[in-house]
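Please work from the sequences and hints to get the whole structure.
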Amino acid sequence: MQTFSFADKYTEVGVIEESEYQRLVEAQDKATGERYLCRQISLEEYTTKVYELCKTDITLSTQVVSPFFATVHEATYEAKSRKVFVLMEDFPMGTLNDYLYSLPDDEFLPEATCWSLLACLVEAICQLHEPSRMKDIEHRFTRAIVHRYIMPRRIFMVSETRCKLADIGWSRDLLSMEGKMGYIQGTLQYYAPELIVNESYGREVDIFALGCTMYEIMMKRVLVEDDPEEPLKALEKIRLPLIITTYSKKLVNLVSSMLNPDPKKRPTAFEMRTIPEIANVLKAEFSI
Numbered sequence: 001m002q003t004f005s006f007a008d009k010y011t012e013v014g015v016i017e018e019s020e021y022q023r024l025v026e027a028q029d030k031a032t033g034e035r036y037l038c039r040q041i042s043l044e045e046y047t048t049k050v051y052e053l054c055k056t057d058i059t060l061s062t063q064v065v066s067p068f069f070a071t072v073h074e075a076t077y078e079a080k081s082r083k084v085f086v087l088m089e090d091f092p093m094g095t096l097n098d099y100l101y102s103l104p105d106d107e108f109l110p111e112a113t114c115w116s117l118l119a120c121l122v123e124a125i126c127q128l129h130e131p132s133r134m135k136d137i138e139h140r141f142t143r144a145i146v147h148r149y150i151m152p153r154r155i156f157m158v159s160e161t162r163c164k165l166a167d168i169g170w171s172r173d174l175l176s177m178e179g180k181m182g183y184i185q186g187t188l189q190y191y192a193p194e195l196i197v198n199e200s201y202g203r204e205v206d207i208f209a210l211g212c213t214m215y216e217i218m219m220k221r222v223l224v225e226d227d228p229e230e231p232l233k234a235l236e237k238i239r240l241p242l243i244i245t246t247y248s249k250k251l252v253n254l255v256s257s258m259l260n261p262d263p264k265k266r267p268t269a270f271e272m273r274t275i276p277e278i279a280n281v282l283k284a285e286f287s288i
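Numbering (the UniProt record's numbering), first residue to last: 1 to 288.
Treat the hints with caution; some may be incorrect.
Said to hold, decoys possible - Derived lysine-lysine pairs resembling DSBU-like cross-links, with alpha carbons at most 30 Å apart:
{"id": "1", "residue 1": "Lys264", "residue 2": "Lys283"}
{"id": "2", "residue 1": "Lys233", "residue 2": "Lys220"}
{"id": "3", "residue 1": "Lys249", "residue 2": "Lys264"}
{"id": "4", "residue 1": "Lys80", "residue 2": "Lys55"}
{"id": "5", "residue 1": "Lys220", "residue 2": "Lys250"}
{"id": "6", "residue 1": "Lys283", "residue 2": "Lys237"}
{"id": "7", "residue 1": "Lys30", "residue 2": "Lys49"}
{"id": "8", "residue 1": "Lys49", "residue 2": "Lys83"}
{"id": "9", "residue 1": "Lys283", "residue 2": "Lys233"}
Read the hints as simulated data drawn from the structure, not as lab findings.
Structural data, given as structure tokens:
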């Protein structure tokens, strides 16, 4: 990790989201004019151990090469402010959230597009959850990661049928180590029940969030309303299996299975990877 001053090299041009301990902003290189996404994390109240882990994971993220994740350009730590800045590639098409809600009210994505976007996200989650099984990837993660933050605002569009997942999840893992998990408005809409009640959780929470995201891709509205006062009551309003007549039963039933309140009954990313509609996209578009 480098040690340059973020403010000396970059200009902040827009805020995407923020909480007490972290921000995601758009930044512009003062010398070249190039734009990047920048994850900013405050470590002011954290121990040296957390900083060292953060440094290790950021170094790892700069080495991972995958068409399914936002590429990390560079990173720096400012000792005076105790902040980490991670610069990632920019996406002119914006987020999946931007793309969905820019469509006319009566226009919905074709089913083939839904499968294509799902294939990108499933492959990304496979690489996070079980990197040891990704033998054909030269630069892969060295440990399993639960992202915990899969949602349309954290997914960036490469084209109308391709997307990348940003923020591999290390920031949330590290923040949770010392109980500093600030609430960001809108995130509860993608939280699995076990996260809301503070039970032990695993990679299944990412599958639930993927289900919420796929529902939004198909319907252009959130599945769960954001209610920080009574989030469990909001989840109880979900009726499964979903009834969506504009898409095939196969796709709708798959999304329903991701939303199962019992984490053990949700499909894994590797199980979904073998579904023909997903496998065919990965083979045709990415030679996987």
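Hint check against the structure, violated hint numbers in rising order: 6, 7, 9
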